Amino acid sequence: NSSSITFNQTLPFKMAAARRLKRVAVSQPGFLGLKSNVKPSELVSSRRKRVNKNKKKNWNRHSDIHDVEDFLEDIRHQERTTGGLLSEKPDDSLFFLDVGQTDKAGNEGKASLVSPVTAYQQPNAKKLRRIAQKAEQLAAKGVLPRRQRRLLSRRPAEKTVKKAEANNNPDRDFYAMWGEEKVTDSADPWYLQQTGKKLVQRPEKLNQKPSVLPAVEVIAPGGSYNPDFLSHQALLQEAHDVEVQKQKQEDKLQRQLAFRKEDRATEVQTIISAVAACLYEDEDEAAAPNEDEADSALGAIAVAAKKTERQRKKEKAEKMKTQQQQASRRQTERQQQLFQLRSIKSSIKQQELQTKARRMKRKARQEAQKALPRRLGKLKYAQDLEVQLSDELAASLRQLKPEGSVLKDRFKSLQKRNLIEPRERAKFKRRLKVKYVEKRAFRQIT
Amino acid sequence: MGGTQKKKFERGSATNYITRNRARKKLQLSLPDFRRLCILKGIYPHEPKHKKKVNKGSTAPRTFYLLKDIRFLLHEPIVAKFREYKIFVRKLRKAYGKTEWSAVERLKENKPTYKLDHIIKERYPSFIDALRDIDDALCMCFLFSTFARTGKCHVQTIQLCRRLTVEWMNYVIASRSLRKVFVSIKGMYYQAEVMGQLITWLVPYQFSHDHPTDVDYRVMATFTELYTTLLGFVNFRLYHSLNLVYPPKLDIKAESELKGENEDEYAMDSESYPEKLAALSASLARVVSTAEEEDAQLDAFPTEEEDLEKVEAREKEQMQLETQKKIFEGLKFFLNREVPRESLAFVIRCFGGEVSWDRSVCIGSTYDATDETITHQIVDRPNVDKSYINRYYIQPQWVYDCVNAKVLLPVEDYFLGVTLPPHLSPFVEEKDGDYVPPEKLKIMALQRGEKPEENDEDDDEEDEEQNEDDEDEAEEKNLKEMEKQKSQGKSLQVKVTPGKMKMENPVRLEQEEKAEEKRLAIMMMKKKEKYLYDKIMFGKKRKIREANKLAAKRKAFDDTEKAKKKKTKN
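Heads up: the sequence lines are chains A and B, in that order. For the first sequence, this note's numbering assigns the number 1 to the initial residue and increments by one for each residue that follows. For the second sequence, this note's numbering assigns the number 1 to the initial residue and increments by one for each residue that follows.
Worth flagging that the hints you see were computed from the coordinates, not collected in a lab. Being a predicted model, the structure only gives us computed values, none of them experimental. Every residue, glycine too, gets a C-beta built ideally from N, C-alpha and C. Any given hint might turn out to be false.
[As the list claims (entries may be wrong)] Reference excerpt, derived from the structure (chain A facing chain B, CB under 10 Å, subset only):
(1) GLU158
(2) ASN169
(3) PHE174
(4) THR332
(5) VAL437
[What the hints assert, rightly or not] Keeping only pairs whose Cα atoms sit at most 25 Å apart, straight-line, the calculated SDA-like set for lysine to any residue is:
(6) A:LYS378 x B:GLY57
(7) A:LYS408 x B:LEU321
(8) B:LYS121 x A:ARG150
(9) A:LYS209 x B:VAL194
(10) A:LYS416 x B:GLY42
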């Protein structure tokens, strides 16, 4: 039962409304369904939504009191029309004995003398009759009275509802967008600006293409349906290289995760290591305290004594001396550089050449980078190579089986040219875990 | 610490970029709407040079847009339409839920739509810009026109794409702009030259293909929406440049030819006209009807800057181009039922030929298979039941190869049952020294006008080889005899015969002179220059060596093939 309720709730809104309508239609008398052997009354599912009638709220809403209401209504009706219940009335007031017709000649007297002729008299009957005849004659000829003419001449209200045309309407119109004659803007630019109808100018940078690659890259000559031998081999070689790379990556991963033989300790090794550990334990304990004593003896750090005047003066003099030496050295160097001009020049030239070479390399690398697909999102761009193996090549155009799909190729080309980011289909992630519970019946079995 | 200290990520590239979610929130659109807007306006994500700076220290891969672009998007009037559409959907759903059918009808009648004309005008301010981007548009439109009309994507879009592609093909036929065709395993590549622009597009095969699941259809549909609008406007302009009526109408003469009995069998009345257009077998009506098409002669502008040679070369090129546009003129083709009708009809008519097909295939066939004046019949079966004498029965690859070679190739290589020569790609430009497959060499020879040598048959080759061997042997014999005689001391029986005048070939002389000059120049070069020259020649020779290696490989393969054939024969 609960399953039926949940099913109804998960139905899209259209279907739920349609079902309700169907119930209404089916419950009408005289409904003929498509299946002749099924009675319409059975189609109406007598399943109603279950209500809890024990709650006070529902006594008012869902209790069926139609019969009581009808009875009371009937009583009220009787009292209204006949003044009291019919069951309490005496017989004489309800029935009478039919004896037959008696002479009513006496009753007619004065009333019959009043002839109703005057009631039917019209003062201008003749005139009206003539008018009616004339109208008939004109109508026979086809001339209509003024009123009808005015009615007919009234123009119907024109429904000028301009339906907005969708963009992908197959019969849509195109017009001259890049006019051959310079069509000046019909509206004043000041007017457009003031009324807020002026379109914002498109920034220049957006007109640059995001990639230098052409829109349609033709497949290599080996991709022909009847290829030349060597070009086909070249294409196969490319595909082969790609596969080899993939295989190498996998192998590398396997190697890195592999369990080395040296790491695995055999039984013999474990026994030896255990025994050795026991044997050398005592020796270690004896050696350790000796080392500690030796360290403390060696660790005597000399405490620095204060510097005397003499030592300070000496240091100063030394410092001055070294400074002077350095100054003189620099001087001589500068003088000598005059004679080293040639070698200096050559070294500068070499440096310049190096920087030039590096600049060219960097520029070339940048240009090559432009042709590559940029990394625009979480996923990296993956290229498929379409190639047919030698035994898949078709003998004739009729037997050709196309490889790859143009839809996928276009999608990948859009990604390669940096127009969209590489995307994959969204996976179905469950927010809440599904709990696996066996049915009671199965629990008994398993 | 004062307040005037510079904080990180507050200026420079970090403030120029914005992440996708931030941009979406700024525009107050849902993600699919945001994507659609970016595609329509031509706003693409950028990869910043220093990702760490822009991403505020982290290297997580995020999609970045330029902030200026997003600010530009805020002014787009279509954004309001997107929001209106969202509200429309909400109201519609409510009306359905309350089963208020009158409200549903009313809402559906007033469904909000938008037009992309102003976007096209903004993105492509001039016609040439639009032509440069038309490759993509053509590929998408051709792709969508092959979709099945199941309702997964709007059927109206598919119909519109079909109409636009048919219009484009009719234009290319009328302007004779097709230059190259390549039949590949993916689909058919065409290249046409329109107004100086080379336009390449890919047409998928008409066979049924299962659609891949990892392609985002909404994205493709949005691109198609934009591209259909663009292609429509471009078509309009192109038709007007050729003085044709747009939307295209069939020529009155041609239409009367096409009127056959039982037209109801093909399509409903409302659809029969576009179907006839799609058949590509009739010419289009012009705005100002011309009685005859005259070949307009190019005016000779005397330009002083250019030499006479250049002008002559250009004229020669022009003449060549004109002849190449008419290779199928005067030929009558008939397509059998198993060949791709649309593609072949398109290619044949582009080069001036007449084409027809079986009545049961498609509407618009002008003549039957029994017509006596048919010159070529395109068949793809191993054999035909009934064959007429005065027509060639060839495989479809002949048409494509002729178009690529720009000359009529010999029909013998393409007869039924013959192993076809390989279909070479016309999009490959071979430089000097590169390997050129022997088939291409043959074609180039044909283009130059030389007759092809007939060495197809194995027997002929063998005979030739044997003849050559015999000759060589005879010569060797003679020489040996003479040597023997000399060694023996006998005087040779050499007589003095009147001398034969050696006909000196002036061309050869010229070439020899040139070679001499070159050698002298090389000898006179300085050491440095010679060093450079050697390096260049080494590079060139390397290429030639590689080409020779490939040629040897090819020869080896051909020999093995021949040996196999021989074995099967014997």
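ask   = If you take the shortest Cβ to Cβ gap from A:GLU158 to chain B, is it below 10 Å?
value = Hint on A:GLU158: violated, closest Cβ of chain B at ~17 Å, above 10 Å.
task = Verify the proposed pairing of A:LYS408 with B:LEU321, using a straight-line Cα cut of 25 Å.
result = Violated, at roughly 36 Å.
task = Grab the minimum C-beta distance from A:PHE174 to chain B and call the hint holds if it beats 10 Å, violated otherwise.
result = Check passed: Cβ of A:PHE174 comes within 4 Å of chain B, closer than 10 Å.
request  = Compare the distance between the alpha carbons of A:LYS416 and B:GLY42 with 25 Å, and conclude whether the hinted pair is satisfied.
outcome  = holds, 16 Å
Restraint check, 10 Å cut-off on beta carbons, for A:VAL437 near chain B = violated, 33 Å
task = Using Cβ atoms only, decide whether A:THR332 comes closer than 10 Å to chain B, and label the hint accordingly.
result = violated, 39 Å
task = Measure nothing beyond the straight line between the CA atoms of A:LYS378 and B:GLY57; if it is 25 Å or shorter, mark the hint as holding.
result = holds, 17 Å
inquiry  = Against the 25 Å threshold, does the CA-CA distance of B:LYS121 and A:ARG150 hold or violate the hint?
reply    = violated, 51 Å
query = Within 25 Å, alpha carbon to alpha carbon, are A:LYS209 and B:VAL194?
reply = Holds, at about 21 Å.
query = Regarding the hint that A:ASN169 lies at the interface with chain B, is the smallest CB-CB distance below 10 Å?
reply = Holds: closest Cβ of chain B sits about 6 Å from A:ASN169, inside 10 Å.
Hint check: violations occur at hints 1, 4, 5, 7, 8; the rest are consistent with the structure.
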